[in-house]
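Q: Take the given structure of chain A and dock chains B and C to it, following the hints.
Chains as they are written, first to last, in my numbering: chain A, 457 to 756; chain B, 6 to 548; chain C, 596 to 901.
Source of the hints: derived by calculation from the structure; they are not laboratory data.
It should be emphasised that the depicted structure is a prediction, and the values quoted were computed from it without experimental measurement.
Beta carbons are placed, not taken as given, at the ideal position from N, Cα and C, and that holds for glycine.
Watch out, some of these pointers could steer you wrong.
In the DSSO-like style, the derived pairs of lysine-lysine whose C-alpha atoms are separated by at most 27 Å in a straight line are [stated by the list, open to error]: (1) C:Lys602 / B:Lys213; (2) A:Lys647 / A:Lys586; (3) C:Lys677 / B:Lys201; (4) B:Lys436 / B:Lys374; (5) B:Lys160 / C:Lys647.
With the Cβ distance kept under 10 Å, some of the chain A side facing chain C (calculated, not the full set) [claimed, not checked]: (6) Met490; (7) Ile597; (8) Leu606; (9) Asn646; (10) Gly715; (11) Gln717; (12) Met733.
Spelled out from the first residue to the last, the chains are:
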Amino acid sequence: MLTKKQNIDAIDSFSENLEIEGRSLWKDARIRFMRNKAAMVSLIILCMITLAVIFVPMFAEFTYDDTDWYALHQAPSTLHLFGTDSLGRDLFVRTFIGGRISLMVGILGALVAVVIGTVYGAASGFLGGKVDRAMMRLLEILYSIPFMFLVIVLVTFFGRHIVLIFVAIGAIAWLDMARIVRGQTLSLRNKEFIEAAHVCGVSNWNIIRRHIIPNVLGIVAVYSTLLVPSMILTESFLSFLGLGVQEPMTSWGALLQEGAQTMEIAIWQIAFPAAFMVITLFCFNYIGDGLRDALDPKDR
Amino acid sequence: MHKNKITQALLLAAGISLVATSFSTMAANVPAGVKLAAKQELVRGNGTEVASLDPHKTEGVPESHVIRDLLEGLVNQDAEGNTIPGVAERWETTDNKTFTFYLRKDAKWSNGDPVTADDFVYSFQRVVDPATASPYSWYLEMTTMTNAADIIAGKKDKSTLGVKAIDAHTFQVHLENAVPYFVMMMGHTTVKPVHKATVEKFGDQWTKPENFVGNGAFVVSNWVVNERIEMTPNKYYWDNAHTVLTKVTFLPIENQVAEMNRFLSGELDFTYEISNEHFRSLKKEHPESLQVKGNLCTYYYNFNTHKKPFDDVRVRKAISYAIDRHIVTDALLGQGQKPAYFLTPEIIAGFSPTLPAYGKLTQKERNAKAKELLAEAGYNKSNPLKFSLLYNTSENHKKLAVAIASMWKKTLGVDVTLENQEWKTYLETKKQGNFEASRAGWCGDYNEPSTFTSLMEGSNTTGGIHYQSAAYDELIKRGIETTSAKERTELYYAQEALLAKDMPIAPIYQYVMARLVNPHVGGYAANNAEDKLYSKDMYIIAE
Amino acid sequence: MFKFILKRVIEAIPTLLILITISFFLMRFAPGSPFSSERTLPPQVMQNINAKYGLDKPVMEQYTTYLVNVLQGDLGPSFKYKDYTVNELVAAALPVSAKIGSVAFLFAVFFGVSIGTIAALRQNSWLDYSVMSTAMLGIVMPSFVLAPVLIYIFSIHLGWFPAGGWLDGSAQYMVLPVLGMSMMYVATFARITRGSMIETLNSNFIRTARAKGLSFPYIVLHHALKPAMLPVVSYMGPAFVGIITGSVVIETIFGLPGIGKLFVNAAFNRDYSLVMGVTILIGLLFILFNAIVDILLAYVDPKIRF
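Just chain A, with the same shape it has in the complex (with noise of 0.2 Å):
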């Protein structure tokens, strides 16, 4: 959207933020969330997580997709550390396996309802007026659309293609990030810094992006940690409809679905991806706090 000569505004009133800040602000940024141990110690889990995911299936002794009927609902042993399924498949391999589309779907689920549900709730507060009233009627809309047929038509105009997934997903993802992000911005846009901003001339779009945005940030940054799960869950739903990923693959949802089933009689089939799932959660939620903190333009 932005010309060239813009851009060049930009990154000249930029530099001088530098000159004058010495720090600019993602920086000082980077030097507070290191600072903060919880968010670091759960970035470097993640980040194993995430390591283990693409590697350990490579190098497992069984593969996804190994049956053996002698080997059925197997509890945890040294040959099968997490466990068998009902079709006598390795779990350990199946629960990493299943990471890799799970967390994808949970890390995009969550982008996608940051960037686009900042910017759409943000404009849509700032703006007000006639302006707001329509954006808030298309979400409306949009909420009410039954999400279900969306999916299958998607499906049967496109077959089953990964990407569908995720513009499945995303569909829905940003729409309560959207309300709330629109929520803080009403308020925000009384406040005496942006009357200033206006007063000084600064255009709308730089009120937005340089004033509203980084100071909701903090509950988006809240908000976005508890979309990963839903949005890992929302994945399993799509299979259901024949969209995302097909048997024999797996995911965490779908391996929490069949877990479920099976709980009374194979606890474990559920507790090691419901494991993963937690950790992962949880790593997500300090370093969002941890990024909260740490982007806070209140906190200098």
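A: Only chains B and C this time, still in chain A's reference frame:
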């Protein structure tokens, strides 16, 4: 106050037990020596919510279970699955084409009206009337009832249907072909009578509890969609003296685990089905409640013979041979299901053919044969066979699809893509012929082989449409036309033999019906293969 | 206030119209029809069914007919539940969902906000960590896991509550579904409250208030709580409608005759008229509750103007 309450409760309890004892002397179905419980209320799990209570608008099993208690057809079934008199006291035929039913004179509707032959004439005509748009109208076409097919197609008026009320209590049916099992077919939901005056007065609303008039042992008293259907005895029912239960409740619970939990917490007297994964633990912990019986259903995969790679019979055979059916039935299902080599399940009445050649081999021999056939068809390591297997979304179908795909991969090196679709999309895909191999299953409408073998007829949209064999259609036609029961049975065997030769489907297993039944439920028909359970035959035993 | 409501009502009309139009055509693009079944019906029968439900006419004509009927408050007959009209089905299911949903919602808001506030006041203490960790479990543990666990403990083992059913909707039938439904929202409200509260407590006016020597609990209750509620209130709209209409898992497991199950089954059965009916209901609820949320926002921050 407190004291009063207790006395009241005591009196109440005494009163109920008095009533109960008087019941037990009347109820002839209850074996002597069985002590009946004070509270004669039965709660049944029923799978999904019923689409309708109008027998001429339904097609599903849950609907049949409910309607069986509300409306009574010409014939019923006993606990063993034998056909016994219903509204018809007796019947006669000389040529298996004209059937005369003598209706019992004491049969009444729940508003006191007598049940007459005219009611049956009206009801049968209503089924085939295109205006009713009954999804099971083809059922009367299957009986070859005179003019049924033409009426359904809109070519003739419904009054030309081959049914006649000779007098108020004599009902006659004319068929175009001799159908010796016709009386048995009259136990189906589609041929239950409805009360003309009520239907005409209330239209689509006639099944509502406030409007309902039926001739079964019970009448609907309360219906909350997606929660419960309650019924109470019909005091005008001719055999009401033998009805022991005072209330029957049907609960639509789709989730098997949820249903099991409601059973275990004592809220359900018997379940609709059992989750596969829980069967073994239930067998260990609640053996007294577990009921397993044969069921008239077959699970199979069908091939699209019009499309590569399954236009080649060798590929179809190889794929079918390589399914280790014993692993499926014993290791994966394990409730007593049997391997299937026929489309028709073996428990069906009068059906005991010899196994096709491949059914007699060991799995090892079958696998070797499969490899040979696949190599002959031109598939090998450098040119592996690839196809997709379609199934409708369900835990059970998914499990079997994954398992069988893994068998194919291990023994034949075949690369299978699994594709699941929700039910309606799946139906549309199959209708369009847009699949290579697909999961399918069928449950018999009556206890006779033709309910299965007619599936593969070329005009049948459920299966035969993807087969289209002139030879098979000819065998079906001869089976309908023949007048000799022996020849008909031989023709059924020939049909099955042709299916084994052409392999348009790969039969996998024969179903069982497994459910949890509280031991205090008496009169449960544990051996009825069609699962025709009449609440009027059941009672609650005192603990 | 009156002007605000009037504006919303006027805006609701085009909103619903667009919603109906998109949903109507989206549904017709989906494969399968309400009357497709394993055995395809004879053409004549099919034609009769289609005629009965008006499906034999061109889609545009069906659309206009539908709009006219909806304007008259007639949502049509259900295509699947042949003995019922959509109006009857929705009228029966909505009270159930509304009753159980409101209780679950109030439960979630009350406990979520309390937990979040307590955690924020004791930021980074053991109390904060333990309370928030427990709450987080509510988010990770999806309702299809939580509900069977609740049933297992409270129905099968302890026998305190029924494992399902609704009957007359008395309290004993509501306890477990409300718990199962609200845990996720308790956790979400707690997280949002905590984050927002910490930010508010760090802001200048609170520091000023503390400097003035006001007692801390007094500050929290009288100065911090209201502004900290801003994001909580924003989230209430989607949360409330979500609880009422989106609890299909809970409704299925507990056998409740609510809107969520009705809607999902309708979609699977391609019960066009029922899907449309519930979609319109959901749209109306969103419009209504977003309007209420906007009024609440203005109450929380009186400076807010729309």
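Q: Take the hints in turn and mark each one as holding or not.
A: How the hints compare with the structure:
no., hint, result
1, C:Lys602 / B:Lys213, "42 Å, violated"
2, A:Lys647 / A:Lys586, "21 Å, holds"
3, C:Lys677 / B:Lys201, "18 Å, holds"
4, B:Lys436 / B:Lys374, "32 Å, violated"
5, B:Lys160 / C:Lys647, "19 Å, holds"
6, Met490, "18 Å, violated"
7, Ile597, "5 Å, holds"
8, Leu606, "6 Å, holds"
9, Asn646, "4 Å, holds"
10, Gly715, "8 Å, holds"
11, Gln717, "9 Å, holds"
12, Met733, "5 Å, holds"
When the structure is compared with the earlier hints, violations turn up for hints 1, 4, 6 and for no others.
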